[in-house]
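2 protein chains.
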Amino acid sequence: MNITTKGRYALKIMIDLAQQGEDQVVSLKAIAQRQDISMKYLEAIAAILHKADYITSIRGKNGGYRLSRKPKDYVLSELLRLTEGSLAPVSCLESGCPNAEGCITQPLWAGLERHMDEYLSKITLQDVLDGTVPG
Amino acid sequence: MNITTKGRYALKIMIDLAQQGEDQVVSLKAIAQRQDISMKYLEAIAAILHKADYITSIRGKNGGYRLSRKPKDYVLSELLRLTEGSLAPVSCLESGCPNAEGCITQPLWAGLERHMDEYLSKITLQDVLDGTVPG
DNA sequence: TGAATTCCTACTAATTTTGTAGTAAAATAC
DNA sequence: GTATTTTACTACAAAATTAGTAGGAATTCA
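Protein chains in written order, with the numbering used here: chain S, 1 to 135; chain Y, 1 to 135.
Check the hints yourself; a few may be wrong.
[As the list claims (entries may be wrong)] Below 30 Å or equal to it, Euclidean Cα-Cα: the simulated DSS-like pairs (lysine-lysine) are:
no., chain 1, residue 1, chain 2, residue 2
1, S, Lys12, S, Lys122
2, S, Lys29, S, Lys40
3, S, Lys122, Y, Lys122
4, S, Lys29, S, Lys70
5, S, Lys51, S, Lys72
6, S, Lys6, Y, Lys51
Hints are computed from structural coordinates only; laboratory data are not their basis.
Kindly generate the complete structure, drawing on both the sequences and the hints.
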């Protein structure tokens with residue numbers, strides 16, 4: 001039951017970008033140094049965020065990234081779903097398990113996923129920045 | 001973000017034992033056949049359950065396992081914690097991260113774990129058997 | 001032109017998950 | 001008291017996923 005480094009580092013990228021100033025262009029090199037993460041690995045994660053248009057890239061010298069939206073407009077459930085692939089605690093929830101009907105445990109996993117989603121859907125990047133993550 | 005087969009198969013063992021009748025002694029061979037899971041793998045998982053006294057073993061011919069308690073006395077959060085090791089979505093919550101104080105994301109992960117725990121603490125094995133898992 | 005940076009593809013290493021194999025020990029049935 | 005069935009234990013192995021590297025092409029700025 002783990003959020004991988006992919007999801008955690010993605011969040012760190014978003015937080016770092018926000019903290020440097022919303023319209024500031026920040027290079028991965030700078031983020032890698034501040035967060036003490038391999039820059040090459042961050043590249044791969046930034047690619048995911050960029051592809052989904054969560055961050056905007058500026059290529060070339062003095063280039064880097066910045067947030068595409070305001071921090072309050074990023075919802076944690078979506079960010080994690082993007083980087084982790086899914087929030088489903090068991091794969092049968094995702095890929096349409098043929099036995100889903102008769103499966104006695106299915107409601108349990110579905111309920112767990114729903115609860116996680118409900119919690120994470122209430123939290124925005126801004127909340128994380130402010131330290132006002134709801135209990 | 002996954003519950004592994006270890007946790008899922010452990011639950012299947014518990015469900016199977018309950019369904020065969022509470023005082024019935026059931027061999028892993030029978031469970032393996034019914035649930036279509038390798039018996040050798042089930043052995044390893046049953047060992048965990050046995051060690052924690054979730055199930056009682058009867059060795060020798062006609063031996064097997066049965067539940068140690070009533071189904072309503074098994075709480076899902078505990079069962080999953082036992083087999084999965086932890087419900088913490090990030091390892092820094094478990095092993096006392098030295099940077100926990102200054103970590104801006106810590107409240108998010110802690111909140112997520114608490115929500116998962118709250119949900120799973122309300123559900124017993126009996127609920128799963130009855131199909132009355134709370135929404 | 002040179003330096004800094006994103007972008008892209010492929011590869012590799014480490015870790016975890018998911019098992020398997022083999023054998024010992026216990027209990028029962030005969 | 002022997003054969004059979006079953007759990008208990010230890011060690012190993014295969015597969016999958018996660019995490020990270022390497023190298024270079026394309027882009028932009030100075």
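For this session: Check each numbered hint from earlier against the structure, then list the numbers of those it violates in ascending order.
Result: Of the numbered hints given earlier, the structure breaks just one, which is hint 6.
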